[in-house]
Each structure stands twice: as structure tokens, then as C-alpha cells.
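K.L.:
Chain by chain, the residues run as shown.
Number of protein chains: 2
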Amino acid sequence: MRLPFTLLIDPVPADSLQHDFADTFHEMDSSAPALRVGELSTQRGDGIFETLAVVNGHPQEVEPHISRLRNSARICELPVPNAEQWRAAIAYAVSRIPQRGEIALKFVLSRGVEHGPAPTAWLHAAAAADFSAVRADGVRVITLDRGYPRGVAEKAPWLLMGAKTLSYAVNMAAIREAHRRGADDTIFLTTDGFVMEGPTSSVVLRIAGEYVTPAPSGAILHGTTQQSMFDYLRAQGASVDYRDVTVDELRRADAVWLVSSVRLAVSVVALDGSDFPADQALTDALNTYLLARTA
Amino acid sequence: MRLPFTLLIDPVPADSLQHDFADTFHEMDSSAPALRVGELSTQRGDGIFETLAVVNGHPQEVEPHISRLRNSARICELPVPNAEQWRAAIAYAVSRIPQRGEIALKFVLSRGVEHGPAPTAWLHAAAAADFSAVRADGVRVITLDRGYPRGVAEKAPWLLMGAKTLSYAVNMAAIREAHRRGADDTIFLTTDGFVMEGPTSSVVLRIAGEYVTPAPSGAILHGTTQQSMFDYLRAQGASVDYRDVTVDELRRADAVWLVSSVRLAVSVVALDGSDFPADQALTDALNTYLLARTA
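Listed in order, the protein sequences are those of chains A and B. Count the first sequence with the working numbering and you get residues 14 to 308, in order. Count the second sequence with the working numbering and you get residues 14 to 308, in order.
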């Protein structure tokens, strides 16, 4: 029942008939070395990952995360993960970590050791950072050019947009750039002025009363928490839509949220240095809903 | 005197007055785990690297590689590496590996363990692949859109172009795309049709008798072996130039080479499925020169 918690996983093929995976998991001391320097995850950022929240012992959005991991694997030509094995690994991890509080559970599939026989995989759980302040007060956001024109992902699938790869150096640099400009986070734009996503979040806007997120495409990850937010909004009778969103629409939106699995929903309260309207009551209601889910 | 060889390094600050670094190196079994799963190199591809060749006991282009590592660190806001320590680490490694044959020596600086106190660093030496066939016969190359317009790196430094980061998933995907199309390697183009570089190499063209490479810029790594090639060509009395090169110039070039530290110079013998003229005599002379360097 300690954190951090680390589980090494021997991946089995997607079509394996195996149903008991216990002997494919190896719990280990998180402070001990686990990976060889020849790992392509570390040499080349060549692997994929997901991070889900475990709230009071309940792992959230397990199926959407596993589904997205499998989709990332297809884009990256990695062996498609066995969903049943990952479900079992997550369940095992959840049984071994504290049953109270918020925990970030990351799971990784790497191409493995260079010239090695097989991919490697692991799962790592750590106490989530305390996001109570940003959930209550919102985040100051800057827009940054992601460098790509809209539609590039469809024309150039080797850019791996739409896959959640370990090659996140640009995402991390974008957050440092936000800090340098006195902000907290970033919204990426295409070079031709369309809203994409945050480095580690989805963007949801309220425009003329309707909730909108940029259409998931080759270039934009389909946010698992954004989908939960839309479920909540639909249940409230609100109108939701996936469509292209221009930077002008972003600047004129009624309200904007960054949404992600562990930080959950945060209001954008400043955009490129100017105050921005927020609907904090909805943010609060949404996070109450997201934290209370038990599946 | 065995390969692979792994050396863990405790990085000292660039301005350290230390001159004896022996106690900052820790040789270890390459098959043993060395890195924690919390490593940002593996979680986020958040680190930088260089790979140099050791030929018959001589490490090649040590200073250009260390210099480029330091430049990558500045772009990525990592602590700037202590050049003297890296020189000492490379020299130590070279003293511990076979003195015959070609060896690839990779050195890495990672942002370290998440929320950890310091970056981590290591060096890894392994026998080079046997490149005699591609050096003699050349490579079939396809052009691929890198998705970025020319000049984006200057406008968007958070894209980390010009830094040699561990986030290489796209580079690896581009090589897989080449293989899928029956080719060996890739030349990246900007969306507006300028030649950039290969996923793991520089591009050198001969155009109307002059040797040209795309100007190193925010978007293009300054190739260490390309610089050695230009040294050789200048010594032969040839004219060399750094400038913008369009894809039309690429298609009409007299000859094209991909140049990198370990594979060295290889002739492009096919471009996008069509045969391409090669100057194999120059390739051979160049590789003889590159392999014979003793500094």
C-alpha cells in the first residue's frame, strides 16, 4: 500500500488466449533501476503511454485509456497491447496502492531494448500533485504555434500525430515557455490558426452556449476526460460538438477549459496575458462529477 | 575490453573547478537495469544525446559532438554539460573498449528522475552495425514532408528544432516509412519544399560541381561528419557552401550523400523510386579519409 508503485509487465500478444496474467507482472521497488540504457523508450522516445487517475481506489476511464493505447500502438507499428492483460495489470496495481486520495497511474509500452526480442512495458503509480488551487482558481494560458498546418497529420502519418508517444520534449518545452511568460499552460495552434490541444490536455470551449472541442483527427488526441465532460454536459441537456475551432473563436469564447485525466478540468482565466471569462461554478460541478465516478 | 560498455555519469556543473572526474563515473553491466521508470528520458523523451564513432581506438569528432551537446542543452534549458568531464568520460570509455573495429559511442544527458534533484547522464558503447554494403552500394531514399514550413524554428523555439533530443519517435517512423516503400532512408523536406536533413544524417549535394548542404539553422542540426566532409573537400580544392536547397535542386543534383557519424558517407542511388546518379569513387575516398582520422 505504498507509493510510488512500479509494476514491470511482460506484454502478451493481443490475440493470446491467456486469461491469468499474474505471472506476467513483476512488482518492484520504484527507487531501483528498472530499465536498461539500451531501451528505445529512453534512447529514442520510442514508445507510447497513457496516464489515468485513481480516485479513492477507483481507476477512471480505464477502457478509453486502453483503447487509446491500442490506437497509439497501431500508429507507431508497435505490437497491439492485449486489453485484457492491461485491465488485469491496472486492477492489480490498484489493489496494491492506497485506497484514499488521488493517484496518477501511468502505463507505458516501449519498443524495447534495441535489437532486443520484444517490447517492454511497465506501470507506475504516484501520488497526484495537489491540483486544488488550479481547479479553484484556474490557469493562465498562452497560445503557441505547434508549427504544423491543419491537415498535416492525414498527409504525413509518419509524424505520429494522434499517437501518444513518449517523444514529449516539445510538449515539455511548451510548458516551460508558458512559465517564462508568466503563465501556467499552453494551447497549441496550427500555423494557419486553428486550435489544437494543450501539451498535456484537451481544450473545450463554450461558444454561444454550445460546448465545442476541436475534432479529434490525425493531429489531435481524443481526450478521455473531454469525453467524460461531454457525457456530463449532455446529461445536463447542453449541446456539444466536435468541429474545427479558429483562434478568433478561442479569443471570443464565453469560457474555455483545459481538461486532462489527473488535473481534471481547469478554467482558463487569462489568455495571452489578458483576463479571460471563466465559469467557475461549472468547473466545480464538473470536477465534483469527475472525482465521484466509480468506473 | 568488452562490448557493450555502459558508464553512468554524475554530471558536474559546467563551471566546476574539478579536474579529476574518475569518481563521477560508474561502469556497469550493460545487461543490468540502470534507469528508474521515473526517468524523464523515458517518460518524456526529455533529454539530449550525441553518437560518435570510435574507429580502431580513436574517438572521432569529440569536440564537435561535445559542442553540439552543449548547444542542445541550451535549447532545452538543461544544465550545460561540463566539456572537460565529457572529454574525460569519453576517454575513459575508449580506454575500456576494444581498440580494433568500429564502435558507436552514444552519450546522453537526461533531465533526470521526475521531481528529482539533478539530471542523469550515461554513455553507452556498442559494436557498430556492418555498414560496408551501404557504403559500397549506396542507399535508396524517399523524400518525406517533415510537416513544418521553412523558418518555423526561428519563430517557434519551443519546437526544439536544432536540438538533438531523445524525442526521436518521428525520426524512427520516417525510416519505417522508407522501408515500407522499399527504400532504406529518408530525406525530410519542409512543407514548402526545401531540403532539411535525414532522420539520422545530414544531406550533402553536388550541384553544378559545388558541394552544398542546407544551411544549419534553428531547424537543421549542424552535422559533425558533414563538417569533416567539407574539410576534406576544401583540402581537395572543391567549392563548398551552406545555403537553402529546394527539392527541385535535389532532384537535379549531380550526386547526393547522406552523412552521419557512424555509418559515415553513403551515396543516394535512388530517389523516390527512380535511379539517381552517384559518385561512388568520391564516396569511397571520403570514407577512407573519415575512417583514417585519428582525432
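No lab work stands behind these hints, which were simulated from the structure alone. Fair warning: this is a prediction, and the values are worked out from it, not measured in the lab. Incorrect hints may have been included.
Identical copies go unnamed one by one, so any copy, or any two together, can satisfy a pair.
[As the list claims (entries may be wrong)] The calculated lysine to aspartate or glutamate pairs, modelled on EDC-like cross-linking and capped at a C-alpha distance of 16 angstroms, are: (1) K119 <-> D197; (2) K119 <-> E190; (3) K168 <-> D158; (4) K177 <-> E262; (5) K168 <-> D150; (6) K119 <-> E90; (7) K177 <-> D257; (8) K177 <-> E90; (9) K177 <-> D267; (10) K177 <-> D285; (11) K177 <-> D261; (12) K177 <-> E115; (13) K177 <-> D244; (14) K177 <-> D42; (15) K168 <-> E190; (16) K168 <-> D36; (17) K177 <-> D28.
K.L.:
Decide, hint by hint, whether the structure agrees.
P.N.:
Evaluated hints:
| no. | hint | in the structure |
| --- | --- | --- |
| 1 | K119 <-> D197 | neither (22 angstroms within a copy, 35 angstroms between copies) |
| 2 | K119 <-> E190 | neither (25 angstroms within a copy, 29 angstroms between copies) |
| 3 | K168 <-> D158 | between (19 angstroms within a copy, 9 angstroms between copies) |
| 4 | K177 <-> E262 | neither (27 angstroms within a copy, 36 angstroms between copies) |
| 5 | K168 <-> D150 | neither (40 angstroms within a copy, 31 angstroms between copies) |
| 6 | K119 <-> E90 | neither (21 angstroms within a copy, 25 angstroms between copies) |
| 7 | K177 <-> D257 | neither (21 angstroms within a copy, 33 angstroms between copies) |
| 8 | K177 <-> E90 | within (13 angstroms within a copy, 23 angstroms between copies) |
| 9 | K177 <-> D267 | neither (30 angstroms within a copy, 41 angstroms between copies) |
| 10 | K177 <-> D285 | neither (26 angstroms within a copy, 29 angstroms between copies) |
| 11 | K177 <-> D261 | neither (28 angstroms within a copy, 35 angstroms between copies) |
| 12 | K177 <-> E115 | neither (23 angstroms within a copy, 36 angstroms between copies) |
| 13 | K177 <-> D244 | neither (23 angstroms within a copy, 42 angstroms between copies) |
| 14 | K177 <-> D42 | neither (26 angstroms within a copy, 32 angstroms between copies) |
| 15 | K168 <-> E190 | between (29 angstroms within a copy, 13 angstroms between copies) |
| 16 | K168 <-> D36 | neither (42 angstroms within a copy, 51 angstroms between copies) |
| 17 | K177 <-> D28 | neither (23 angstroms within a copy, 38 angstroms between copies) |
The structure does not agree with the numbered hints 1, 2, 4, 5, 6, 7, 9, 10, 11, 12, 13, 14, 16 and 17 stated previously, though it agrees with the rest.
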